[in-house]
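Engineer: All chains, please: the whole structure from these sequences, using the hints.
2 protein chains.
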Amino acid sequence: MRDFSADHRWLSINTATVRAQWPLDRIVDECARRGIRAISPWRDQVAAVGLQAVARQIRDLGLALSGYCRGGMFPASTREARQLALEDNRRAVDEAKTLDAPCLVLVVGGLPGALAGRPEHKDIAAARQEVRDGIAATLAYAQDVGMPLAIEPLHPMYAADRACVNTLEQALDLCDALDPSRSGALGVAVDLYHVWWDPKLQQQIARAGRERLLAFHVCDWLVPTRDLLNDRGMMGDGVIDIPRIRGWVEDAGFAGYSEVEIFSSENWWKRDGGEVLATCIERHRCAV
Amino acid sequence: MRDFSADHRWLSINTATVRAQWPLDRIVDECARRGIRAISPWRDQVAAVGLQAVARQIRDLGLALSGYCRGGMFPASTREARQLALEDNRRAVDEAKTLDAPCLVLVVGGLPGALAGRPEHKDIAAARQEVRDGIAATLAYAQDVGMPLAIEPLHPMYAADRACVNTLEQALDLCDALDPSRSGALGVAVDLYHVWWDPKLQQQIARAGRERLLAFHVCDWLVPTRDLLNDRGMMGDGVIDIPRIRGWVEDAGFAGYSEVEIFSSENWWKRDGGEVLATCIERHRCAV
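Each protein sequence line maps, in turn, to chains G and B.
Residue numbering for the first sequence follows the working numbering, starting at 1 and increasing by one per position.
Residue numbering for the second sequence follows the working numbering, starting at 289 and increasing by one per position.
These are computed hints drawn from the structure, not numbers from a lab.
Please note that the accuracy of each hint is not assured.
Capping the alpha-carbon separation at 25 angstroms, the derived lysine to any residue pairs in SDA-like fashion look like this [stated by the list, open to error]:
hint, chain 1, residue 1, chain 2, residue 2
1, G, Lys200, G, Leu172
2, G, Lys200, B, Arg325
3, B, Lys488, G, Gln52
4, B, Lys488, G, Pro180
5, B, Lys488, G, Arg207
6, B, Lys488, G, Asp133
7, G, Lys200, B, His409
8, G, Lys200, B, Leu339
9, B, Lys488, G, Gln170
10, G, Lys200, B, Glu368
11, B, Lys488, G, Ile245
Since the model is a prediction, treat every value here as computed from it, not as a measurement.
Structural biologist: Below is the structure:
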């Protein structure tokens, strides 16, 4: 297991972590001047600055990406809407390629309409089938382009509205079905916030192996958690035994960045961005 | 699959559903006069009225129990505290026997101190081992008394503070380890709020079978869900396909009560108790 205590060379910042404070070009600059070598930006943040401008800025500063957020959201109630989702995923693949991302992260979607509070049906098995079909179609395109897809299992509390892939086992079953040769074109993003509770986590990380472990996200689970979406904790402030799980991931062959992704409307998003980044660096060294 | 549309003979009310409105003796009366044949009371509600008084009232009115809530909360940071938990579980078994409950429901506990917001460690594997030891010790006593224990897997969002048994598969693994002969002394309480999202749900319900399916709880998952604990929905108001899952449970051999358990600080707990019970009856017939 790598020693993170001496520096932060393996730290990546998911740009949602300071999205409330700064636009993306400022985030990129602030990361670079602190010696943070990698980021993972969101599509809306990129679009607000301009794809080519962001690509150039990142290249000029010598930054890497640890992933690109995000594709997915496949299920829809009409054939037309599903087709639009596939087209949007192809654009996301192209953007990820322009930014030289190592993978496009997929948040696969849930019941159609649920995210807007108006679920159009209750058939989660059907949504899961649409997710499988959507990944298969996107994978065909992504393989041509040479962009790996990372399925991110989301915590079961998001099964209805954000992602109906909810365990690492389920994500890996999809990988095995759609990419049986373990080609590297399809894998998983392991975000500890979503999977830390899983009694099969160690087993499934080992199953994933190097070929499937495309991204590793950290934050912490607070007790109590006051909001289902925007109350994630800074590493070390909650109950996730992050170093133990990082050990499993590295034992399985992962050697990439540890990406900090914190949604925190009442705490970290209200603080000075520089303080947030400084805390990420400090906690990366002592709590990851 | 049984037809629930014509009457509510298979409806049970978990008494937490109207705990904000009435004390337990009033709840029992209000249920009985509406032809509700079963309830599942909580220990603190029973204690507030008196165990013997409640037992007598239930007997006199000809009501049944569909379960008794609850035992569990096994993990603790000292040997003495773990011993106290075991003693408390034995008392819960005795109370369940006095009330002629068909099972004692176990909410097994999480990380010591987490429920009070002060987790004493982050070792969920150790907590799970303590849970296993605690169930084993309680089972030995419960078998002597003749009181089945029903492990209730709780939603993964409660893994830290309320229960570190979070899937039906995990609960059934415990059952198989501690009661390999499927004696009927150890099984599960399937609460749809906790397990509806699970991609392995149908498979694991079939695995459980009649001997392990000791209780069936219903409510609904709302989108959005505004609170992790107290924003459960009335059946039909959310996204759980309750009839489909009830079909699986009945196919596996379950023929008991459908128990309504709704924690709802901002909605159902603020309404008139009679309105809540009338709605439970109506929805039991059309949405369960």
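Engineer: So, for every hint listed, does it hold in this structure?
Structural biologist: Right, here's what the structure says about each hint:
1. Lys200/G / Leu172/G: The given pair, whose Cα atoms are some 12 angstroms apart, holds under the 25 angstroms limit.
2. Lys200/G / Arg325/B: violated (40 angstroms)
3. Lys488/B / Gln52/G: This hinted pair is violated, its Cα atoms lying about 44 angstroms apart.
4. Lys488/B / Pro180/G: Given that 25 angstroms is the threshold and the Cα spacing comes to 21 angstroms, the pair holds.
5. Lys488/B / Arg207/G: Roughly 18 angstroms between the alpha carbons, so the hint for lysine 488/B and arginine 207/G holds.
6. Lys488/B / Asp133/G: holds (19 angstroms)
7. Lys200/G / His409/B: Holds, at about 20 angstroms.
8. Lys200/G / Leu339/B: Roughly 41 angstroms separates the two Cα atoms, so the pair is violated.
9. Lys488/B / Gln170/G: Distance ~9 angstroms between lysine 488/B and glutamine 170/G Cα, so the pair holds.
10. Lys200/G / Glu368/B: violated (30 angstroms)
11. Lys488/B / Ile245/G: Since the Cα atoms of lysine 488/B and isoleucine 245/G sit roughly 24 angstroms apart, the hinted pair holds (cutoff 25 angstroms).
Figure legend: structure checked against the earlier numbered hints; hints not met, in rising order: 2, 3, 8, 10.
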